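Participant: Here the structure of chain A is known, so what remains is to put chain B in place on it, guided by the hints.
There are 2 protein chains.
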Amino acid sequence: MEPYRLTASEVLSKVKGGSLTVEAYAQSLLSRIQERDATVKAWAYLDPEQVLAQAKQLDQIPPEKRGPLHGVSVAVKDVIHTKDMPTQYNSAIYEGFAAGVDAGCIQILRNAGALLLGKTTTTEFAATTVGPKTCNPHDPSRTPGGSSSGSGAAVGDFQAAVGLGTQTGGSTIRPGSFNGIYAMKPTWNSITREGLKIYSLLFDTLGLYARSVEDLDLLANVFAVADDESPDNNSPSFEVKGAKFAMLKTMVWSNAGPGTIAAMEKAAGLLRQHGAEVEEIELPPNFDEAPQWHRTVLHSEGRVSFLPDYQTDKDKLDGFLTGHVDNEHKITRRQQLAAWDGLATLRPKIDEIAGRYAAIVTPSVPDEAPLGQKSTGSACFNSIWTAFHTPVVNVPGFQGEHGMPIGLSLVGPRYEDRRLLRVAKAVGSVFEKEGGWTRQL
Amino acid sequence: MEPYRLTASEVLSKVKGGSLTVEAYAQSLLSRIQERDATVKAWAYLDPEQVLAQAKQLDQIPPEKRGPLHGVSVAVKDVIHTKDMPTQYNSAIYEGFAAGVDAGCIQILRNAGALLLGKTTTTEFAATTVGPKTCNPHDPSRTPGGSSSGSGAAVGDFQAAVGLGTQTGGSTIRPGSFNGIYAMKPTWNSITREGLKIYSLLFDTLGLYARSVEDLDLLANVFAVADDESPDNNSPSFEVKGAKFAMLKTMVWSNAGPGTIAAMEKAAGLLRQHGAEVEEIELPPNFDEAPQWHRTVLHSEGRVSFLPDYQTDKDKLDGFLTGHVDNEHKITRRQQLAAWDGLATLRPKIDEIAGRYAAIVTPSVPDEAPLGQKSTGSACFNSIWTAFHTPVVNVPGFQGEHGMPIGLSLVGPRYEDRRLLRVAKAVGSVFEKEGGWTRQL
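Chains as they are written, first to last, in our numbering: chain A, 5 to 445; chain B, 5 to 445.
In case anyone wonders, no lab produced these hints; they're calculated from the structure.
Check before you lean on any hint, since a few could be wrong.
Same chains, same label: a pair holds when it works inside one copy or across any pair of copies.
Claimed, not checked - Mimicking DSSO-like on lysine-lysine, the simulated pairs with C-alpha atoms at most 30 Å apart in a straight line are:
1) Lys318 x Lys20
2) Lys353 x Lys45
3) Lys87 x Lys20
4) Lys245 x Lys353
5) Lys245 x Lys378
6) Lys248 x Lys437
7) Lys69 x Lys45
8) Lys320 x Lys87
9) Lys353 x Lys248
10) Lys87 x Lys318
Note that the coordinates shown come from a computational prediction; the quantities given were computed from them, not determined experimentally.
Only chain A is shown next, with the shape it has when bound in the complex (with noise of 0.2 Å):
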């Protein structure tokens, strides 16, 4: 197998082993970039000897100094700073802009011995759902999603073992479904979010993405994501038999298309044969408002966080940035304070109802990927849990009407994220090889 379809696990395995160097595997991966880019789209900054340097200098360090990371390739996201490349946000007033500081996710990346590949494209600020150039890597018709869109695309093409993503809708979430890879949005605040763009401080949150669970893993190992009872590689895994899972179809439901309405049909049916016991629920009455508290506080925290550059350069800004600062929609405080609030109320109440089932599963998207790069397609389905700060983890393998690929997302209580991530385990072998989409790349 070409070096470049590992995944970081198998990168970690095979250079520890002494069968890969880091060089080789960059190699590989920067001839998978160079013979996919025109294709896919997914860079706003790669330098191929910046890059070779990096593996270089990583091959140099002696074994017993080697990181939990070791060589292995991350795509970040454009909105994450980098003190040696470019961060741009998709935005024409941040054109050649240069943090000339690491976030602190990415100091980690690197004290772990991360390769870090380059800069992937997002919407402007991961704020508008106007999609950059990328394209869909299964079908370079359709969008990958957004904003995450290069992070999703480039894991989804091979062209990098794990990317950083972030969320403040459904920017990690959706391309992972649409890309047809695993997700993680960890419990908000998990992970330090210092040096990335800010949009909404309540709901932005680091996103991780990765063609394997136990990648998410060793991300959620690097990162310090703990539960109060972490399993460890002791424990015995999750085992879908005997489990009991709760379908959610959410007061968004309406927005499904046939793809996800089967994807949640079939999730529920593979469950049961499994020996799974499946309960369809659904959110009490007072979870309506929820979709409209999010987009509440995501316009008045954008009014506050967009304000210098509207000031700066009001020109360059998207339409529906300028119109958070101006308060277009007229949100009063007292609105916004009841959003935020309410919005409080319910997370211990979401936290009550996940813990009662191994997971929720419920849609990622309302369907595959749809065409063009104009729109990245809707986060109806993200919204929610980002405003819950629940863990969600994408589950890939179903698929649409136009063999795209479909994920369904596994919801926990918060700070649960190690334990839902053995779920997915658990739950994602099922459903890769028996949900009905296979990787065609």
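Facilitator: Coordinates of chain B only, in the frame set by chain A:
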């Protein structure tokens, strides 16, 4: 009067009237700083030539293009990124570090034409209570407080008209009291925190210093801090007479020393003498856990925020902060969530209570500034308000047993910042005239 003694509002008026250039104003400030710096030591970075170059540039701007803070001098706490000055966080890890990008609030100040003097001292990462070298201008044998030590001292000593601080516990309000100046902690996230080093996402708040409420109002305008019904220049001014105030000792009253006890008594008496109704109130019992919840959130969020620096250079981090990363108090996720959610339930409750009064009057500090530079004093009277996200204004006017200034906090409901400033103006005029403390500098 020497120009350095002017308030921001006075500077604006003189520069507009043509009787003062920004350059002459800058020269006056630099003389003051030169005279006093060996005693006060408020600055972590200040380059007189850079200040003068900036001042000359401002003087070149034609009158019709001048911003609302044209020429106003600002002291910037050294945890706030500035593109043309170092940002060192009082951390050995970041010695000589320059972010190369302006924080959002600095962008806004530059757009408004402010004269950025330099960076002011802070405790390490604005997160410990170990003082920097800075001395209290009113008595150099005492602390100016912290963590916004330098900004508080600089504004108190007429080395800058206004200053920027931050507050996570009591880092803005405490130095405000110790230095005898007005200090404002606005409603959480009403001013962008882009480019401020993160300690706690839920608590960190940009703070403002000035020697008059008019100046705080100027800053609030520039930062677009707005209530639902923001008073404007045509609104009738707030009158103490006939207004109703709450005096609140809080659950940590046992920490109050003779200076603060006397200030609270005197304040109640003065307000009554001026025709206000004054009611002594207590918080309901469900508020008792708030101080502990504040600590729990602080330590839990610090665990996340300081992980990158801990990994990079643990030996250069204060033990208080490595303790956060090591979770030395063994705070569980369950406890962390109880603190997050518990505080969230109290926020609308405190809004409701504060909404019954013109303001809640409550201590800013246990007493006057303590002796020495090692400890910057206690934030015990501030932390609950930071946790509640409410606006707080420190109003000076009282004094301790050693003649040092003591202020009191006025607290209002979230997003009634502008109304609270009007109350502070009327109350401040009473406290400053009749509270007993007179500025000797």
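Participant: Could you tell me which of the numbered hints above are not met by this structure, giving the numbers in increasing order?
Facilitator: Going through the list in order, the structure violates hints 2, 5 and 7 and respects the others.
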